[in-house]
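Trainee: Construct the entire structure; sequences and hints are all you get.
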Amino acid sequence: GAVVSQHPSWVICKSGTSVKIECRSLDFQATTMFWYRQFPKQSLMLMATSNEGSKATYEQGVEKDKFLINHASLTLSTLTVTSAHPEDSSFYICSAKLAGTYEQYFGPGTRLTVT
Amino acid sequence: AQTVTQSQPEMSVQEAETVTLSCTYDTSESDYYLFWYKQPPSRQMILVIRQEAYKQQNATENRFSVNFQKAAKSFSLKISDSQLGDAAMYFCAYRTEYGNKLVFGAGTILRVKS
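As you go down the protein sequences, you meet chains Y and G in turn. Our numbering runs 3 ahead of the 1-based position in the first sequence. Our numbering runs 485 ahead of the 1-based position in the second sequence.
Calculated from the structure, these hints are not laboratory results. It should be emphasised that the depicted structure is a prediction, and the values quoted were computed from it without experimental measurement. Cβ coordinates follow ideal geometry from the N, Cα and C atoms, glycine included. Just so you know, not all the hints are guaranteed correct.
Far from chain Y, by Cβ distances over 10 Å, these chain G residues were calculated [stated by the list, open to error]:
#1 V498
#2 Y510
#3 S527
#4 A544
#5 F549
#6 D571
#7 N585
Taking lysine to aspartate or glutamate pairs in the EDC-like style, the calculated list, with each CA pair at most 16 Å apart, reads [to be verified]:
#8 Y:K17 / Y:E66
#9 G:K558 / G:E537
#10 G:K586 / Y:E62
#11 G:K586 / Y:E106
#12 Y:K58 / Y:D68
#13 Y:K69 / Y:D91
#14 Y:K17 / Y:E90
#15 Y:K44 / G:E495
#16 G:K563 / G:E546
Mentor: Rendered as structure tokens:
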């Protein structure tokens, strides 16, 4: 149980375009989901916290207009990287908090390459 | 703000031997949770072990055990009988008792030699 999926697992896009990454909790409801960014051989950096039905809370230094987060249902959150640039290339990981608990479960991550 | 420090960027261990990964943290809270996560080359984050701060007994999970020293704010991970599959990046993480956010350390790359 407690499986989180991400789609796509790997995406290449051209500079200036937008790309959407989905995070789904497959077998549980997640009132809260988290989006992290990870550079090679570095730690996870929390970008934002999304709560179902409300606006996301962004960490300091994260551009909310560039990284659009939507948490439309108890099982789905999306991260849209708008007007992507090569410096946005990174590994993006989501996690989902099991409703009623504080336990987080991680997705497998999405590798974004912007050319 | 809470911080988590992992002072060992890389560690190596011989297969079947024991290795200890270090982690220290800073917090003013009295109740919190500590975690060790493993991130293998697949990059899927895997929970290895967790420790509740109010519990004095050190958590164990098969070959993995922790040495939790609350007063010293230290939380080390011991891996016994190391296996090739243990090779990964290991992250120490902290969460307040009723908090949402996980605070991660910088990570330690563990290499296992055959």
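Trainee: Against this structure, judge whether each hint is valid.
Mentor: Evaluated hints:
Non-interface status of V498 of chain G relative to chain Y is upheld: no Cβ of that chain comes within 10 Å, the nearest being about 19 Å off. Interface exclusion of Y510 of chain G from chain Y stands, the closest Cβ pair being 14 Å apart, more than 10 Å. With a least beta-carbon separation of about 7 Å from chain Y, S527 of chain G fails to lie farther than 10 Å from that chain, contradicting its non-interface assignment. Non-interface status of A544 of chain G relative to chain Y is upheld: no Cβ of that chain comes within 10 Å, the nearest being about 15 Å off.
No Cβ of chain Y comes within 10 Å of the Cβ of F549 of chain G; the nearest lies about 18 Å off, and the non-interface call holds. Non-interface status of D571 of chain G relative to chain Y is upheld: no Cβ of that chain comes within 10 Å, the nearest being about 18 Å off. Listed as a non-interface residue, N585 of chain G fails to keep its Cβ farther than 10 Å from every Cβ of chain Y; the least gap is roughly 6 Å. In summary, the hint linking K17 of chain Y to E66 of chain Y is not supported, as the alpha carbons are separated by about 20 Å, beyond the 16 Å threshold.
Using a Cα cut-off of 16 Å, the hinted pair K558 of chain G and E537 of chain G holds, with the two alpha carbons roughly 13 Å apart. Of the supplied pair hints, the one linking K586 of chain G and E62 of chain Y holds, its CA atoms being roughly 11 Å apart against a limit of 16 Å. Proximity of K586 of chain G to E106 of chain Y is assessed by CA-CA distance (about 10 Å); at most 16 Å being required, the pair is judged to hold. For the given pair, K58 of chain Y sits about 12 Å from D68 of chain Y by alpha-carbon distance, which is consistent with the 16 Å threshold.
Restraint check: the Cα-Cα separation between K69 of chain Y and D91 of chain Y comes to about 10 Å, which is no more than 16 Å; the hinted pair holds. Restraint check for K17 of chain Y and E90 of chain Y: the C-alpha separation of about 12 Å stays at or below 16 Å, so the hint holds. The straight-line distance between the Cα atoms of K44 of chain Y and E495 of chain G is roughly 11 Å, inside the 16 Å bound, and the hint therefore holds. For the hint linking K563 of chain G to E546 of chain G, the alpha-carbon distance of about 10 Å falls within 16 Å, and the restraint holds.
Of the numbered hints listed earlier, those contradicted by the structure are 3, 7, 8.
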